[in-house]
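Protein chains: 2
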Amino acid sequence: MISDTCQELQFLTGIRVVDFTQFEAGPSCTEALAWLGAEVVKIENPKTGDPARRVLPGKAPDDPWYFHMFNANKKSLTLDLKSPRGLALAKDLLEKADVTVENMAPGTIERLGLGYDDVRKLNPRLIYCSIQGFGTGSKYEKGLAFDMIAQAAGGMMSVTGEPDRPPCKPGPSFGDTGTGMLMAITILGALHERQRTGKGRRLQVAMQDAMLHYMRTCFAVQARTGKAAPRRGPKSVMGANAPSGTYQCKPNGANDWVYIITSRANPEHWARLMKLIGREELIDDPRFATGEARLRNEAELDAIITEWTRKHTKEEAMTLISGVGVPAGAVFDTMELHSDPSFEKRGIMQVMDHPGGPFKMPAWPVRVDGAPPRVTASPLLGQHNAEVLNTWLGLGADDVAELKRQGVM
Amino acid sequence: MISDTCQELQFLTGIRVVDFTQFEAGPSCTEALAWLGAEVVKIENPKTGDPARRVLPGKAPDDPWYFHMFNANKKSLTLDLKSPRGLALAKDLLEKADVTVENMAPGTIERLGLGYDDVRKLNPRLIYCSIQGFGTGSKYEKGLAFDMIAQAAGGMMSVTGEPDRPPCKPGPSFGDTGTGMLMAITILGALHERQRTGKGRRLQVAMQDAMLHYMRTCFAVQARTGKAAPRRGPKSVMGANAPSGTYQCKPNGANDWVYIITSRANPEHWARLMKLIGREELIDDPRFATGEARLRNEAELDAIITEWTRKHTKEEAMTLISGVGVPAGAVFDTMELHSDPSFEKRGIMQVMDHPGGPFKMPAWPVRVDGAPPRVTASPLLGQHNAEVLNTWLGLGADDVAELKRQGVM
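Going down the list, the sequences are from chains A and C. Under our numbering, the residue at position 164 of the first sequence is numbered 164, and the numbers go up by one with no gaps. Under our numbering, the residue at position 401 of the second sequence is numbered 401, and the numbers go up by one with no gaps.
Treat the hints loosely; a few may be bogus.
Pairs involving identical chains hold if they fit within one copy or between any two copies, as the list cannot separate such chains.
Claimed, not checked - Keeping only pairs whose Cα atoms sit at most 20 Å apart, straight-line, the calculated SDA-like set for lysine to any residue is: (1) 96 / 394; (2) 142 / 370; (3) 142 / 394; (4) 311 / 107; (5) 82 / 308; (6) 199 / 14; (7) 404 / 277; (8) 139 / 320; (9) 311 / 276; (10) 360 / 338.
Don't read these hints as lab results, they were simulated from the structure.
Based on the provided sequences and hints, a complete structural model is requested.
In structure tokens:
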């Protein structure tokens, strides 16, 4: 999709990434680099490719959507890393690369002969990156992890869900993409340093450790209360303001709720909200006149606000409340977000033009001089075999044909 | 805390950041740059400073923990931006800066005279960054946002919580820190480009838009099912595997649960788990022999596994299950994570040495050649006034004294 709402970004032009990642934590990291203009070559098993190509169950031979999400703008090169020739080619590519990232099960990359100690000798300028479930030195360091495991062991589930009920998993895949983003930041920092020093670095992050970074408000609450941060349903773990939380809207569907917050830092929020809902007399009512009083009488206050929100749809409520300068947000579901034309108009959602059919998906959401980077198709398995071997290593069509015959790619 | 488990990183040495941010979305971004070695100067109101210095309610005059979390390793300079002299000094600093970041309410930075169109003229090399609640061009673009508003309006709450119950807010502050990380990545990309082009850029991100980036697995589920992604309690929104989810452990406390996943991509997980719990006979039982059968009989299967997990604590269960190569994670709460010495030993948690008292907090979790960057104290309000005005602008002690007398700082 070519339009002035997106652009081909060249922030990282010339940066070459050899990408051994699979599923999401690793691929989300290298995809961020691809969106910023790096040349990311995804090394895939010639027979099956990244298991994320078939991560969803179902009758169709191919469930491509999950793969599209985390592999846009990359190239695919198939290599059998267990064959001597495939391994040698991977090493040749690493010699030409600036960055390599892997998130295989603990010990796997070393068994392949591509561990840090082997690879650093090939290319001392390389930024060598590993994403694991648990940190080196942790008693769980050999443990496997997926998104949910990181969210459980990193504290997120303990603070998500209703009070007095079992923990819930935050629906989004913070365990994976949340980790990938921290590695991407560190890679870009290491590249910056390398321009001065000429030296590569070894970067490692564990998914459990990465979750702590996103849990800092919860740790702050614990510092204040002396107790583990609680589950508070729709309310903030910080629990510092009232009114604050979700309020039901018509027509009372599963997601017909609007989030409203009145901030302590800005006492006008409270007065503005009461004026809007026609309850100006409550602004100075002793039950609600101070922040402390409102927290004490929170249930009563929530009922008063709900009386008003129930007369409106969530969109109406959001528009009216945010229109008077009080923070408000409807609880939108994926279908509502997907169908809202504003996101596509602004380039925040883009349609990937893929041989398997067009696919609308979230793009990199940061705008650069007004436009986010353009989403291009996720690669077919082995789509860039000839191109990459030629431009990186100078191999010709005959070499590629021979490698295919040998089953190396 | 000086030890070999952390180090002073110099990735961004020489990069100067003028930081107009407050609360969390902005500060988490600039703090990431500070941890990587940038010189981040936080511009604060001389009277009150960042409102995050007093974000928590309570009787104490100061609730410093939230502020520590997002402002470690920064410098503080107080400036009254509404005074002509204060504004002029801010402009002088921007002339010397590489990056500036703000997350004020929509329109505020422009009213101060520090909007993009004013500042680009001062310094065409500057990376100028704004974080807002809603994107320019969105019908909510003037709306205020906090973390919870972004999580509601960005889809996260719609997929978090139990089925047939109201939406919950993921406990961690993804709306804020999740957004800050995407801006940090883009800033580092823009700095990389600038080394080639010599030109600055304008970067903008909206918190609602940023949430879509973390919602991609949920959008992939919608692509498959044709319906909005659902709430599934502790289970994955993708719903692709069984057994998978939380299983209760002894002694049945609020967070005594262990997450277990058996992956479709690796059918051995299923067999390993059954062997471990002594139910080898179920591996080929027709009720459970295939991925489809296990999904169909998920409830029965969950009961069988719970029979075993209830005999173990969550730590025992995690150790045993991950020990046989099946992904497992206990639902740890903030107190358990805070008390586990492994994090401090590995530099993932560090003790900030602050005049107000020592404070243990999560550090930047990515290790560089084995050690994460060192956490240093968050600044006292105006702590670096003299230092910054001297090293950046050449002002002397007399100038600083005069500025104080005038109430500019």
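These are the hints, each one checked on the structure:
1. Taking CA atoms no more than 20 Å apart as the test, residue 96 paired with residue 394 passes inside one copy only; the shortest distance there is 12 Å, against 45 Å between copies.
2. Taking the shortest alpha-carbon separations for residue 142 and residue 370, only the inter-copy value of 17 Å comes in at or below 20 Å, while the best intra-copy value is 44 Å.
3. Neither within a single protomer nor between protomers do residue 142 and residue 394 lie at most 20 Å apart by alpha-carbon distance, with minima of 39 Å and 53 Å respectively.
4. Proximity of residue 311 and residue 107 under a CA criterion of 20 Å is satisfied in neither setting, with 59 Å inside one chain copy and 31 Å between copies.
5. Taking identical chains as interchangeable, the C-alpha atoms of residue 82 and residue 308 are never at most 20 Å apart, the minima being 65 Å within one chain and 38 Å between chains.
6. Taking identical chains as interchangeable, the C-alpha atoms of residue 199 and residue 14 lie at most 20 Å apart whether they share a chain (17 Å) or sit on different chains (18 Å).
7. Taking the closest pair of Cα atoms, residue 404 and residue 277 never come within 20 Å of each other, the shortest separation being 70 Å inside a single copy and 44 Å across copies.
8. In this assembly of identical chains, residue 139 and residue 320 lie within 20 Å of each other by CA distance solely across copies; the values are 12 Å between and 52 Å within a copy.
9. Only within a single protomer do residue 311 and residue 276 lie at most 20 Å apart by alpha-carbon distance; the minimum there is 13 Å, versus 55 Å between protomers.
10. In this homomeric assembly, residue 360 and residue 338 come within 20 Å of each other (Cα to Cα) only inside a single copy, at 8 Å, whereas the closest approach across copies is 41 Å.
Violated hints for the displayed structure, listed by number in ascending order: 3, 4, 5 and 7.
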